Every structure is written in structure tokens, then in C-alpha cells.
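Engineer: Okay, here's what each chain looks like letter by letter:
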Amino acid sequence: MQDINALMQGFVHVLAWQNVGLMLIGILLGIVVGVLPGLGGPNGVAILLPLTFSMNPTSAIIMLSCIYWGALFGGAITSVLFNIPGEAWSVATTFDGYPLAQQGKAGQALTCAFTGSCIGALFGVIVITFLAPLVAKFALRFGPPEFFAVYFLTFCSFIGMGKEPKAKIIISMCIGFLLAAVGMDTVSGQLRMTFGFTQLLRGFDFLVAVIGLFGVSEILLTMEEGLAFKGKKASIDLKVVFRTWAMLPRYWVTLLRSSVIGCWLGITPGGAVAASFMGYGMAKRLSRNPDAFGTGVVEGVLAPETAAHAAGTSALLPMLALGIPGSATAAVLLGGLMIWGLQPGPMLFIEQKHFVWSLIASMYLGNIAGLLVVLSTVPLFAAILRIPFSIIAPAIMVVCAIGAYTVHNAEFDIWLMVVFGVVGYIFKKLNYPLAPLVLALVLGDRAEDAFRQTMVGSKGALSVFWSNGLVGTIMTLAVVTLLSPLIVSAVGALRQRSTALRAAPEAR
Amino acid sequence: MNPSETGGDEQPGSRALLTVRTAEIAVAIALGVGALIVSWSNYQLGAGWNAYGPDAGYFPFRLSIIVFLASCVVLYHGLRSNDRTPFLEAGQARLVAVILGPLIVYVFAIGYLGIYVASAIFIAAFMRFLGKFAWWKSVGLAACLMIAFFYIFEIQFMVPLPKGPLENWLGY
Numbered sequence: 121m122q123d124i125n126a127l128m129q130g131f132v133h134v135l136a137w138q139n140v141g142l143m144l145i146g147i148l149l150g151i152v153v154g155v156l157p158g159l160g161g162p163n164g165v166a167i168l169l170p171l172t173f174s175m176n177p178t179s180a181i182i183m184l185s186c187i188y189w190g191a192l193f194g195g196a197i198t199s200v201l202f203n204i205p206g207e208a209w210s211v212a213t214t215f216d217g218y219p220l221a222q223q224g225k226a227g228q229a230l231t232c233a234f235t236g237s238c239i240g241a242l243f244g245v246i247v248i249t250f251l252a253p254l255v256a257k258f259a260l261r262f263g264p265p266e267f268f269a270v271y272f273l274t275f276c277s278f279i280g281m282g283k284e285p286k287a288k289i290i291i292s293m294c295i296g297f298l299l300a301a302v303g304m305d306t307v308s309g310q311l312r313m314t315f316g317f318t319q320l321l322r323g324f325d326f327l328v329a330v331i332g333l334f335g336v337s338e339i340l341l342t343m344e345e346g347l348a349f350k351g352k353k354a355s356i357d358l359k360v361v362f363r364t365w366a367m368l369p370r371y372w373v374t375l376l377r378s379s380v381i382g383c384w385l386g387i388t389p390g391g392a393v394a395a396s397f398m399g400y401g402m403a404k405r406l407s408r409n410p411d412a413f414g415t416g417v418v419e420g421v422l423a424p425e426t427a428a429h430a431a432g433t434s435a436l437l438p439m440l441a442l443g444i445p446g447s448a449t450a451a452v453l454l455g456g457l458m459i460w461g462l463q464p465g466p467m468l469f470i471e472q473k474h475f476v477w478s479l480i481a482s483m484y485l486g487n488i489a490g491l492l493v494v495l496s497t498v499p500l501f502a503a504i505l506r507i508p509f510s511i512i513a514p515a516i517m518v519v520c521a522i523g524a525y526t527v528h529n530a531e532f533d534i535w536l537m538v539v540f541g542v543v544g545y546i547f548k549k550l551n552y553p554l555a556p557l558v559l560a561l562v563l564g565d566r567a568e569d570a571f572r573q574t575m576v577g578s579k580g581a582l583s584v585f586w587s588n589g590l591v592g593t594i595m596t597l598a599v600v601t602l603l604s605p606l607i608v609s610a611v612g613a614l615r616q617r618s619t620a621l622r623a624a625p626e627a628r
Numbered sequence: 586m587n588p589s590e591t592g593g594d595e596q597p598g599s600r601a602l603l604t605v606r607t608a609e610i611a612v613a614i615a616l617g618v619g620a621l622i623v624s625w626s627n628y629q630l631g632a633g634w635n636a637y638g639p640d641a642g643y644f645p646f647r648l649s650i651i652v653f654l655a656s657c658v659v660l661y662h663g664l665r666s667n668d669r670t671p672f673l674e675a676g677q678a679r680l681v682a683v684i685l686g687p688l689i690v691y692v693f694a695i696g697y698l699g700i701y702v703a704s705a706i707f708i709a710a711f712m713r714f715l716g717k718f719a720w721w722k723s724v725g726l727a728a729c730l731m732i733a734f735f736y737i738f739e740i741q742f743m744v745p746l747p748k749g750p751l752e753n754w755l756g757y
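Residue numbers (the working numbering), protein chains in the order written: chain A, 121 to 628; chain B, 586 to 757.
Since the hints were made in silico from the structure, they are not lab data. Source: prediction; values computed, not measured. All C-beta atoms in this analysis are idealised placements derived from N, C-alpha and C, irrespective of residue type, glycine included. There could be a bad hint or two in this list.
Stated by the list, open to error - Covered by chain A, according to a simulated footprint, are these stretches of chain B (three or more residues, beta-carbon under 8 Å):
#1 698 to 709
#2 744 to 756
Said to hold, decoys possible - Pairs of lysine to aspartate or glutamate residues, derived as EDC-like cross-links and limited to a Cα-Cα distance of at most 16 Å, are as follows:
#3 A:Lys579 / A:Asp565
#4 A:Lys225 / A:Asp357
#5 A:Lys579 / B:Asp640
#6 B:Lys748 / A:Glu531
#7 A:Lys257 / A:Asp123
#8 A:Lys257 / A:Glu471
Excised from the complex, chain B in its bound form (with noise of 0.2 Å):
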């Protein structure tokens, strides 16, 4: 299932920002508390019987208690454990921040601005900053693809998509 986990090695030059022990202790707390929430939500939508069977709360309320036992075994695990190999690299964090930060930026804006605007600036951005291409090149694919995307959504199947203010002013 996860291809990913054998890039444990120890790179030259990059500093481990957080260890796979912290990160398992951090989530499973994360978890525990996050399900006692959830239970007591539950518990106060009523998580017993009545007269035609359980209650709203009754599945939720005992799903959220096993979620807290089975963070609790998380977590004991996670202490008893002496793993240090590292969770996060800080070369690996900035690439990470790289796309995760630009993405919540484009979520953001396609509030604003539509999808397909919005849409194409990420990624003439991304190709501008990220692959050093020229501007006209960036702009121009991300512009193309914009336009095939709009053909496919909202003429070929007729799938509204959010639109902004440019859309508008084309008259869609």
C-alpha cells in the first residue's frame, strides 16, 4: 500500500524536522481527543435504546470509543518505540510547502475569481516559478488548457463549473 515509505534514508544535508516517532505520537493524541469529542456529540444526541431500537448517537458513540482505545494502543506504541527515522526532512517540508501553500491560495481564489481563471494562473505559476519556463509558454498552455477544460465541462457535458468575473464579462 505504500510505496512511499522506503524514502527513510538518510539524506546528506537534510535535517530531519520531525522524527516518524514524534509524528505517531502527535497523531494518535490528535485522534483520541478528536474521537472523546465526537463521542461525547454522541452521547448527548443519546447513544442508547428506545422504543423503536437504537438511538441516532448509538453506532457513532461506540465507533468514537474504539477509535479512542485503538489510539490509546497507537499511542502507547509510539512511546515504547525508539524510532528516529525522520517523519519530515526540511528539504522535503519546503517542496511540500511548495505545493500545498500555492494550492491553498488557488482554493481560495476560485471563490473569487472562477475555476478557469483561477485554474490557469496556478498553473502558469507553477510552470513559471517551479519549472523556470518562459512567461509566454506558461501562460499560453495553461490558457489552452483552460480553454479545452471549458469546452469539455460546460459545453460538452454541460457541467456547470464556478465562474468569476471573466465569464461574466464574456457573457456565460
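Extracted from the complex, chain A is given alone in its bound form (with noise of 0.2 Å):
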């Protein structure tokens, strides 16, 4: 009850009129940033954050976290109207999106995709609401071991629960532990890593990876791709926009089922990308006639978008609760925590209620003016697809190396930018995930400093892991997830030798 009350509190707080204009000016960024290649969800809110250094933190957290919306409801337009998936959640939105604007129905299949993806949303907060204050209170009976456990935890799911190949997973978020482990020791203050390089003493920042990673390298991607937009026209009339909306109702399993697949997913970090597979997966096996799904059917834009709408809210519920993001954008905006002066974690409902149930209230008002910012402003939008790319493309790279100079005001972090920028492109294109680089860049010192602490603790005995229950249950359970994959795969060597051994490294 008490939590309601503060929930209510944030919903007045939000509604002064100052925070509602930074929201449709968040959203409105979001959709612009969902909707052009080489800016996605991270990235654009990297990018934004500098400008936020001195706003309030409420303020701030609200604009950027609304930005996040909107890039979540803009990939959806490029999905349908362009066949062109403007982020990596939305690919399975063009199974069925594109086929309906071909149709003629693309009105239906963007009110389907929007509706889903508020419905989705809107499911992610309600969970939030009511699971987080829950687990921050739990986590707040956390050591430095539990908290290391819980890192490791969700470190192991990345690499268990990952399509990528495990080793790849592994090199991956190494590289982004070694990347954070760059510059001065915080505990010995002795220098790690930096090989002479002055410029090395600060470390690598992860607001300029994540510029490099996903935005320069997205383009360097647009451009080989040899871009060319053939867009199918977009007219969303109120008419069709109700008839869609009674219509709804009738899909309430798939709704249902791709918000609780989402949610799972996005709290354990599986990600908005793997919930909207799932979800469109679900519903084709479940559905009666499997065989419309790619065609054209409503459902197939409905499941992949409500669940990874729900899989990008439900994120920030680890995020907020424990201090530890589902997605590369949580992992931005939990870096944006820091910056303003937040310590992440379960103290973070206690000290900062007022800031957190701001931010969950406007999450809940964020996703219903997005729902109507979005249905009101696609054609707008469609029309920025249209501007050429030889304008587009220099564009966002200048936005991407003026975001990566305000981190520090440092013209180092541009080259920084550039070499991130490539690297990011050859992992792309040889399938090494990024997400991981990123989130181990972000916890890298929180992790390595619970470690120590534990082992100061402790004095040096790893058995401290498994000293309690509690502590003993997360080990347990993180070593599981990260041998899952080795335990089905032995199985399955065992049963079938011989095509086993031909098969694992592509099946893997």
C-alpha cells in the first residue's frame, strides 16, 4: 500500500508540465532514433546522456528512459512499412508486417504493432511495479558474495542462454572486463593495462563503445548493404485505427502469452531480440493454422512486438532492484545512474524512492503518449526514410562523434569511436554478440570490486561462495546455466556419436 502511495506521488511529480515536455520530446527523439539506421535504442540514449549531466536526475531519467520507448515503438515502422528492421527486435515484426502493408493493410499493421507493443509495455510495468520493490527489498540482505553471484549469474545466462557460439560469447564479454579494467586501479591505485598511453589513464568509457559499437558500425553495415528505401505508403485513420483495436480482444492468449514470454525474458537477460523470436515462435506452433504465419496475419506482428516491448521494460527491473541491466539500453541508462550521482541497487528504493517511482510512473505514461505520439506521427516519420542517405549517413556520424566528445570533452574518445566503430563491424559480421561487451563494461569494476571485497572478507578462500544458502543457491544456479548448453549437447552426443560430432559446431 505504502508503495502505491509513492506511486501516485510519482504520477503528480510527472505530470508538472516541465517533465511531460521533456517525455514527448523523449519520445519523439526515440521514434526518430528507432526509426534510422545506425541509431538504435543504446546508442541514442549515449549519445543524449552528456546533454543530461546537469538535469535533475528525475528529469533526466525520464527524457532518456522515453527515448527508449520511442526506439522501441519507431523499429516497428521501418519493420512494416520499409521491410527494413530499424532494430534488431523488430526483424520479426517484417515476417508478417511487411506482408500485410503489401496488402494495403499497413494502417492494421502498425495499430497491431503499436497496441502490442504498449499492451507489452504495460505488462512490464505492472510486473515491475509490484515485483521489484519485492527483490530490491530481498537484495537488501546482500553481501559483497551474493552480490558477485548475481553478476556471475547473469553472466553465465548471457553465455548459456546466447544463439551465438559460446566462445564467442566468452571473448566478448571478456574483452569488455578487460575494457573496464583499463586505466587506474581503483583499490591499489597502481595503473592496469594502459601500455604508456596517457590517454589510457581514464580507461575506456562505455558511453563511447557503445557510440562506436552500435552506431558507427551499424552504418558502416547500411552503407555495404547499398542502401535503397522502397517504402509502401502509411495512412493511419481513426477508422481503421478502432476497427483494429475491436478486433483485439480476440488475440488475448497471444497478448498474454508474448507478455509473459517477454517479461522472462527481459529479466533474465535474454533480451528484447530473443523475446520477439520467441514470442512469433510461440504463436506459430500454437496457432490452428501455422501455415498463414509469413503471409500476412495479424498475430505475427502482434506476438513479436508485445513481447519484446514487455522483454525491454521488464529490463530495467533487475536494473533498478539490484543494480544489474537486462539489455545493452538498461546498461546505458544504469551508467546514466552513476553519472548523476545514484548508487544502483536495492538501496536505491530506499534512498531514491521518490526517483524511482517518478520513473516507473512515467513509464506507465510514457508507453499510453507514445501509444498516441506514434499512431498520430507515422507518416512524419515514414518521411524521414525518404531523405537520402548521402545526407543521412554523414549526419548521424557527426551526431555520433559529437556524442562521443561530450563524455569527457575529449577528442581521443573520437578516435576511440571510430576504432570501436570497426570493431564493432567485424563482430557483427563474424556473429560475435556486442550486448555482452557492453554489460561487462558497464559491471566490470562493480563486479571485480565484490569480488575483492568478498575475497578481503573472506581471505582468499573461494569456498565463501558456498558458505550460505543463499549464496550457495545463486553459485549453484549460475554454474548450471553456463554448463546447460554442454549437459543437452553430451546428451545428445551420447545418443547420436557419430552425426553429434559433424553437426555441434554449426548447431551450437
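Starting from the two chains in their separate frames, assemble the complex, guided by the hints.
Structural biologist: Structural data, given as C-alpha cells:
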């Protein structure tokens, strides 16, 4: 009940006019970011983060989280109208969204996508509202060993559940940790891995890495494909919207299923991308006529969008309650919290009640406002994609460069951004995942500190990680998650030794 | 995660410069060598235990060893695979170079001209040579964009960006 009161106060605070203004700006910017290739949720937020350094944290997080919602909405526009996923999580939306647009039902497809998104997001926020305070309260009992165990679980589940080759996930994650360790060591004051470069004393900032890895590399990839946008006309009138809304209750099973899948994958760091594919896959498998999928069925749009948005929203739950982000964008937002001087983790719910509940209130309002804004402005944003790429590409590069510079007012960071861009380009083409790298870069210092504090407390005995029921359970769970693919493939290999040997490298 | 991977279809008249297999192997070797250098650097720093717990190099040393082992696995799979799909085709390489080359020149120019002038030239040149826009359109649009940026960053948000001779001459 106390929480509900706090939430109501949050609503009052969010409805102050300047916060509503920031919310709308955030949503509009977010849709732009979601529509444009090369700018996505993580790097859109990263570029704008420096502009919020001087704002009050509550207004800043409202604006930045609204950019995130906007980006989630915006990705659907390009998928449906242009058959180009603006974001990785809207790839599954193209399967049925574009065929619908080809049949002249673009308005219906877009309404479905946006409404599904909004329902998924609201489901995610409700889960956050009721679950996050409980998780945070529980996590107050955590000491350094427990925190390290939770970090360990996060990273293990990334490795265990990732679709990419395991070795590549491990490499990408460890590179993130190593980059986080570069520079001055906070405990001993020694310099690590600077190789005599004075610019490296500061270490690598994750914002610069995100801008390079997600922004510059995406432009290079888009460029490579020799971009030619051929879009369908978008016209949404109120009649189409209401007609589509009227038939939505028929699909409540799909909506509910996708919301649950999305929340689950968002909280455990599977992410919005995995959620959208899983939502689509489940909807197809459980449908009465699965063959119709791919030819333009409404469910094929609803399922992935609902799941992606539910995952994107609930990824903020572990970020708020534990200080562990569930997605790359959540990782950037978490970095923002630290920059604004807030200490992420369970204490946030006690020390910064006002901030947390304003954020949660803004999630409700932001998503509903987002739905209305996006429905009314689709033609405008579809027009953005008709701007020639020879204007958009250099402009995005300039925005990226400015974003990288403003993080520390260092020109060296622009060079770093270019390097990260090339690395990201190569990694993406070779199927190395980038999200674990960013996550490890953000969490690296905290994970290492937790480990060292634990070790100082236990005088170097690793058995401390199994010293009580709580930490032991988390650690064991982590190890099981880590080894689960091995166990599964070992069983498979025993069963059919000869075929498994050949298929294993690809199948994994 | 990877929408671009579908671009593997062979297009007529475009020859592969690099196969995926070669790229895999090269990247794995580069990562492995990098990991060895990093682990050596951390070993020098002290990767063991002292009276207060783990040394500064303890964590990074172990991580770099893991990277080394994992890159060996990738290398092994790369050597055994027979993936001849092109990693980079000649046409693609040209397009990527078209943006990567100017980008490097642009970042270099920021140091001398300031970010506004360099960006304006970058955008205008791109529009002129790649987009085949008329000179006046390219320069005009680039200048307008940069004036808008100047207003947003320097005046609205008070974020100082690198400036060069032009801004000095104008008195900023």
C-alpha cells in the first residue's frame, strides 16, 4: 500500500508540465532514433546522456527512458513499411508486417504493432511495480559475495542462453571486462594495461564504446548493403485504428503469452531480440493454422512486438532492484544513474524513493503517450526514411562524433569511437554478440570490487561462495546455467555419436 | 542480433575479397595475440595474492587467459570449417571505404578546424560526391545543420565542443 502511495506521488511529479514536455521530446527523439539506421536504443541514449549531466536526475531519466520507449515503437515503423528492421528486435515484425503492408493493410499492421507494444510494455511495468520493491527488499540482505554471485549468474546466463557460438560470447564478455579494467585500479592505485598511453589513464568509457559499437558499425553495415529504401504508403485514420482495436480482444491469448515470454526474457538477460523471436515462434507453433504465418496475419505482428516491448520494459527491473541491467540500453541507463550520482542497487528503493517511483510512473504514462504520439505521426517518420542516405549517413556520423566528444570533452574519444566502430562492424559480421561486451564494460568495475571485497573478507577462500544457502544457491544456479548447453549437447552426443560430431559446431 | 548476416547471397559481378573462414581465422589469431600481450602485462603487475587479497592484475590476468583459450576454440572451428561465403565483396569494400576513409579524415580535421567547420565540410562533401547534389544545396544544408547544432550545444545546453579558427575569428 505504501508503494501504491509512492507511485501516486510519482504520477503527480511526472505530470508537472516540464516533465511532460521532456517526455514528449524523449518519445519523438526515440522514434527518430528507432527509425534511422545506425541510431538505436543504446547509442541514442548514449549520445544524449551527456546533455543531461546538469539536469536533475528524475527529469533526465524520464527523458532518456522515453527515448528508449520511442525507439521500441519506431523500430516497428520501418519493419512494416520498408521491410527494413530499424532495430534488431523488430526483425520478427517484418515477417508478417511487410506482407500486410503489401496487401494495403499497413495501417492495420502498424496499429497492431503499436498497440501490442503498448500492452506488452504496460504488462512489464505492472510486473515492475509489484515485483521490483520485493526483489529490492530481498536484495538488502545481500553482501559482497551475494552481489558477485548475482553478477556471475547474469553473465553465465548470457553465455548459457545466447544463440551465438559460446566461445564468441565468452570472448566478447571478457573483452568488456578487460576494457573496464584499463586505467587506474581503484583499490591499489596501480595502472593497468595502459601500455604507456596517457590517454588510457581514464580507461574506456562505455558511452564511447556504445556509440562506436552500435552507431558507427551500423552505418558501415547499412552502407555495405547499398541502401535503397522502397516504402509502402502509410495512412492511418481513426476508423482503421478503432476497427483494429475492436478485434484485438480476440487475440488476448497471444498478447498474454507474448507478454509473459517478454517479461521472463527481459528479467533474465535474454533481451528484447530473443523475446521477439520467441514470441513469434510460440505464436506460430500454437496457432490453429501455422502455415498462414509469414503471409500477413495480425498475430504475426502482435506476438513479436508485444514480447519485445515487454522484454525491453522489464529489463529495467533488475537494473532498478539489483543494479544489474537486463539489456544494452538498460546498461546505458544504469551508467547514467552513476553519472548523476545515484548508487544503483537495492538501496535505491529506500534512499531515492522519489526517483524510482517517478521513473515507474513515467513508464506508464510514457508508453501510453508514446502510443498516441506514434499513431498520429507515422507519416512524418516514414518521410524521414525518404531523405537520401547521402545526407543521413554523414549527419549520423557527426552526431555520433559529437556524442563521443561530449562524454569527457576529449578528442581522443572520437578516435576511440572510430576504432570501436570498425571492431563492431567486424564482430557483427562474424557473429560475435555485442551486448555482453557492453554489459561487462558497465558492470566490470562493480563485479571486480564485489569479488575483491569478498576475498578480503574471506581471506582468499573461494569456499565463501558456498558459505550460506543464499549465495550457494545463486552460484550453483549460475554454474548450471553456464553448463546447460554442454549438458544438453553431451546427452545428445551420447545418443547419436557420429552425426552429433559433425553437426555440433554449427548447431551450437 | 544480426540482421546483416543475410547479405551472404552471391551477387553477380561482385568478387569476394575475403571469405568468412579467412576472416574468422584472422580475427581469432589477432584476439589470441592481443590476449597474450594483455596477460603478460598483468602478470608483470602481479596476478597473485598479497596480504590484502587479490593483486591488481588478478582479475584481468585470468580474463585474458580465458580470451586466449576461447580464441583458440574459435580458431580451431575456423580452421575446420569450410565456409566459403564471402565476408567482404569488392563492391561492398568500396562502399565501406567510401565512408570509412572520409570519416578518418574528418576526425583528423576536427583537431584543426573545430568540430563545426569539419562537420559542415564532411556533410557537404558527402552530399556533393555521393548524393550528386548541387553545390549550393550541399553547402547550404550543411551550414544550416551546423548552425542549428551550434545553437543547441553552445547556447542551449552550454556544452562546449572543439572549436577552430573560424569560431575564434567570430569571437567564440
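Engineer: Hint by hint, note whether the structure agrees.
Structural biologist: Here is what the structure says about each hint:
Evaluation of the coverage hint for the region 698 to 709 of chain B: fulfilled, as 4 residues show C-beta separations to chain A shorter than 8 Å, against a requirement of three. Here the region 744 to 756 of chain B counts 4 residues with a CB under 8 Å from a CB of chain A, which clears the bar of 3, and the coverage holds. Simply put, lysine 579 (chain A) and aspartate 565 (chain A) have alpha-carbon atoms about 20 Å apart, too far for the 16 Å limit, and the pair is violated. Restraint check for lysine 225 (chain A) and aspartate 357 (chain A): the C-alpha separation of about 12 Å stays at or below 16 Å, so the hint holds.
A hinted pair counts as satisfied when its Cα atoms are at most 16 Å apart, and lysine 579 (chain A) with aspartate 640 (chain B) qualifies at roughly 13 Å. Among the hinted pairs, lysine 748 (chain B) with glutamate 531 (chain A) is consistent with the structure: their alpha-carbon atoms are about 11 Å apart, no more than 16 Å. Taking the CA atoms of lysine 257 (chain A) and aspartate 123 (chain A), the gap is about 12 Å. The hint holds against a cut of 16 Å. Under the criterion of a C-alpha separation no larger than 16 Å, the hint pairing lysine 257 (chain A) with glutamate 471 (chain A) is consistent with the structure, at around 12 Å.
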